[in-house]
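Given the sequences, and given the hints that come with them, work out the whole structure.
Number of protein chains: 2
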Amino acid sequence: MDYACLRQVYSRPAAQWPAPHVDPGVAWRELAPLSAPPAQDKRQVDLGKRLFFDPLLSRSGQIACASCHEPDLAFADGRRVSFGHDRQAGTRNAPSAAMAGHFANLFWDGRAGSLEQQALMPIVDAAEMAFAIDPLLERLRAHPDYPRAFADTFGNVPIDAAQVGKALAAYQRSLTPRRGALDRFLLGDGKALSDTQLHGLHLFRGKARCLNCHQGEALSDDSFHNLGLTYYGRRYEDLGRYRVTGRAEDVGAFRTPSLRQVARTGPWMHNGLFGDLRGILNMYNAGMFHPLPTARQKDDPLFPKTSPLLRPLQLDAQELQALLDFLQAL
Amino acid sequence: MDYACLRQVYSRPAAQWPAPHVDPGVAWRELAPLSAPPAQDKRQVDLGKRLFFDPLLSRSGQIACASCHEPDLAFADGRRVSFGHDRQAGTRNAPSAAMAGHFANLFWDGRAGSLEQQALMPIVDAAEMAFAIDPLLERLRAHPDYPRAFADTFGNVPIDAAQVGKALAAYQRSLTPRRGALDRFLLGDGKALSDTQLHGLHLFRGKARCLNCHQGEALSDDSFHNLGLTYYGRRYEDLGRYRVTGRAEDVGAFRTPSLRQVARTGPWMHNGLFGDLRGILNMYNAGMFHPLPTARQKDDPLFPKTSPLLRPLQLDAQELQALLDFLQAL
Numbered sequence: 010m011d012y013a014c015l016r017q018v019y020s021r022p023a024a025q026w027p028a029p030h031v032d033p034g035v036a037w038r039e040l041a042p043l044s045a046p047p048a049q050d051k052r053q054v055d056l057g058k059r060l061f062f063d064p065l066l067s068r069s070g071q072i073a074c075a076s077c078h079e080p081d082l083a084f085a086d087g088r089r090v091s092f093g094h095d096r097q098a099g100t101r102n103a104p105s106a107a108m109a110g111h112f113a114n115l116f117w118d119g120r121a122g123s124l125e126q127q128a129l130m131p132i133v134d135a136a137e138m139a140f141a142i143d144p145l146l147e148r149l150r151a152h153p154d155y156p157r158a159f160a161d162t163f164g165n166v167p168i169d170a171a172q173v174g175k176a177l178a179a180y181q182r183s184l185t186p187r188r189g190a191l192d193r194f195l196l197g198d199g200k201a202l203s204d205t206q207l208h209g210l211h212l213f214r215g216k217a218r219c220l221n222c223h224q225g226e227a228l229s230d231d232s233f234h235n236l237g238l239t240y241y242g243r244r245y246e247d248l249g250r251y252r253v254t255g256r257a258e259d260v261g262a263f264r265t266p267s268l269r270q271v272a273r274t275g276p277w278m279h280n281g282l283f284g285d286l287r288g289i290l291n292m293y294n295a296g297m298f299h300p301l302p303t304a305r306q307k308d309d310p311l312f313p314k315t316s317p318l319l320r321p322l323q324l325d326a327q328e329l330q331a332l333l334d335f336l337q338a339l
Numbered sequence: 010m011d012y013a014c015l016r017q018v019y020s021r022p023a024a025q026w027p028a029p030h031v032d033p034g035v036a037w038r039e040l041a042p043l044s045a046p047p048a049q050d051k052r053q054v055d056l057g058k059r060l061f062f063d064p065l066l067s068r069s070g071q072i073a074c075a076s077c078h079e080p081d082l083a084f085a086d087g088r089r090v091s092f093g094h095d096r097q098a099g100t101r102n103a104p105s106a107a108m109a110g111h112f113a114n115l116f117w118d119g120r121a122g123s124l125e126q127q128a129l130m131p132i133v134d135a136a137e138m139a140f141a142i143d144p145l146l147e148r149l150r151a152h153p154d155y156p157r158a159f160a161d162t163f164g165n166v167p168i169d170a171a172q173v174g175k176a177l178a179a180y181q182r183s184l185t186p187r188r189g190a191l192d193r194f195l196l197g198d199g200k201a202l203s204d205t206q207l208h209g210l211h212l213f214r215g216k217a218r219c220l221n222c223h224q225g226e227a228l229s230d231d232s233f234h235n236l237g238l239t240y241y242g243r244r245y246e247d248l249g250r251y252r253v254t255g256r257a258e259d260v261g262a263f264r265t266p267s268l269r270q271v272a273r274t275g276p277w278m279h280n281g282l283f284g285d286l287r288g289i290l291n292m293y294n295a296g297m298f299h300p301l302p303t304a305r306q307k308d309d310p311l312f313p314k315t316s317p318l319l320r321p322l323q324l325d326a327q328e329l330q331a332l333l334d335f336l337q338a339l
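Going line by line, the protein sequences match chains A and B. Oh and the first sequence: position 157 is 166 in the working numbering, straight run, nothing missing. Oh and the second sequence: position 108 is 117 in the working numbering, straight run, nothing missing.
Some hints here could point you the wrong way.
[Unchecked claim] Quick look at which bits of chain B chain A covers, simulated, 3 or more residues with Cβ under 8 Å:
#, stretch
1, 50–56
2, 59–73
3, 90–103
Worth flagging that the hints you see were computed from the coordinates, not collected in a lab. Glycine included, each C-beta is placed from N, C-alpha and C at the ideal position.
Encoded structure:
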């Protein structure tokens, strides 16, 4: 790899970079530095932050939003799956809340279409905070401080569910991960990426085909893909987006996660079953999994189909290392 | 650095390695591979494991030992400080429980002298599980399964506190981190450490003076040292071992933590205030902190004294990188 030449190519504006390896029909956006969070009502943000860290939002009074979305853990929880009320184990890995404001589709399966709507759903989920909206509102209305804080923020009384959702959404929109080495590079600091990281960037956009899904500022297309990890008919089966849409083509599809701070948000994938980023790159390099139906399954319309975007990549060991180094820069 | 020569030197048995840089009077033990856990009653281990993950041990029924000592997070919790009952923030970073069986002094300040004693203390700590022994025993005795499990394990009835402590201790003694690259190297796989990691090993024992405290199989001397992080008279003040012994020389001393899996147990130090291993190496390289008393403090017998083991190391950038690489091998 001629790093000097590569550095010259990538020192030009992004519009003049080599064309990425993106499949026909894929709407893609170039990588971009993190922008500042949108201007917001500071009172809403402050109230939302208080609520986010307050275990009063759970039935037991012990579980806060932050219990599974912890700032010290890049707003995830570092566990394979999260634990909710009575320490029930969930089925999915807690996604980082730090980039939540960048998505229109919330949750791994996109079952919420706005952060305002999303924010209330873990509160009432029986396996998560296991509470209900009415007793939560009663608790907030009877609290020594919250009634005033809500009134100061929203004007109208009494506290209602929409206000709780709005405040939590405002706080999450205010979150922005610290700018990483990639951001500094994209903003003009040519030295922010090492030689191997720059090589990784080139592969990410090119031969490794990552930009097909991980793109733009959020390093996600905010869309749904089947990586062959449906575990159809087996332990860990998760039908993903299908449970929301009921469409056969959505079986086993999950929303592309942001890769911001990805090195800090393990274990990975919707089920948290993958604890090693190098192993994940090896899986992508092999083309991911394309399970074939058994004789009994061959007429099953729900048999999951792995996305055709995934195919063997022929990356050698040096290229895999470069990609791994690049992931540290996100 | 002549890596070939270094590799030759360290390919000999450890007894023939270069003498470490250890101060006079320091009782030191050579680095050693992780041994198998001691033989134990399997029923005690199984019962202890069940208790370790059961939130029934907390007043709220929501917090288990594993809430702060999570297998997915190397038996720590990844947070600056842990959160207990009603999401109260503690003052210290959760140490990994994975190496607990290797210590005679438990907790950062050594206030428990056995794992059996230690195991009950978070249960009754008002800021942690906030329960009490009698109602815990009542709850266990009234449980559909535990009475039989305890009787099968310990013979005598009814369930008592000593049995709970014994089972939890047995489980923790059964934990052994997966053997890392250092173990494989010490067991004879000369290729287990890279060139820079081998250089790091040499520095760890030598110029960087780490073996003065981080030694033996556990990478800890199980003793107490003041690193200059007492924050005396300031926010984050923590008098450490002094609170247990009442001896002035113990002000601000904390037990040497194991470095096993250290790259996975951040944030670091007793207060969890340090989130970057490279930054910590820089601090050691500068000789750590040696706060001097103000005029008003100069006759204060409790003014903390940083351990004389800590002094500037004169490590250059390449050496710091080698040490950092070595820490990944533990």
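Structure-based check of each hint:
no.: 1; hint: 50–56; result: violated (count 0)
no.: 2; hint: 59–73; result: holds (count 8)
no.: 3; hint: 90–103; result: holds (count 4)
Violated hint for the displayed structure: number 1, the only one.
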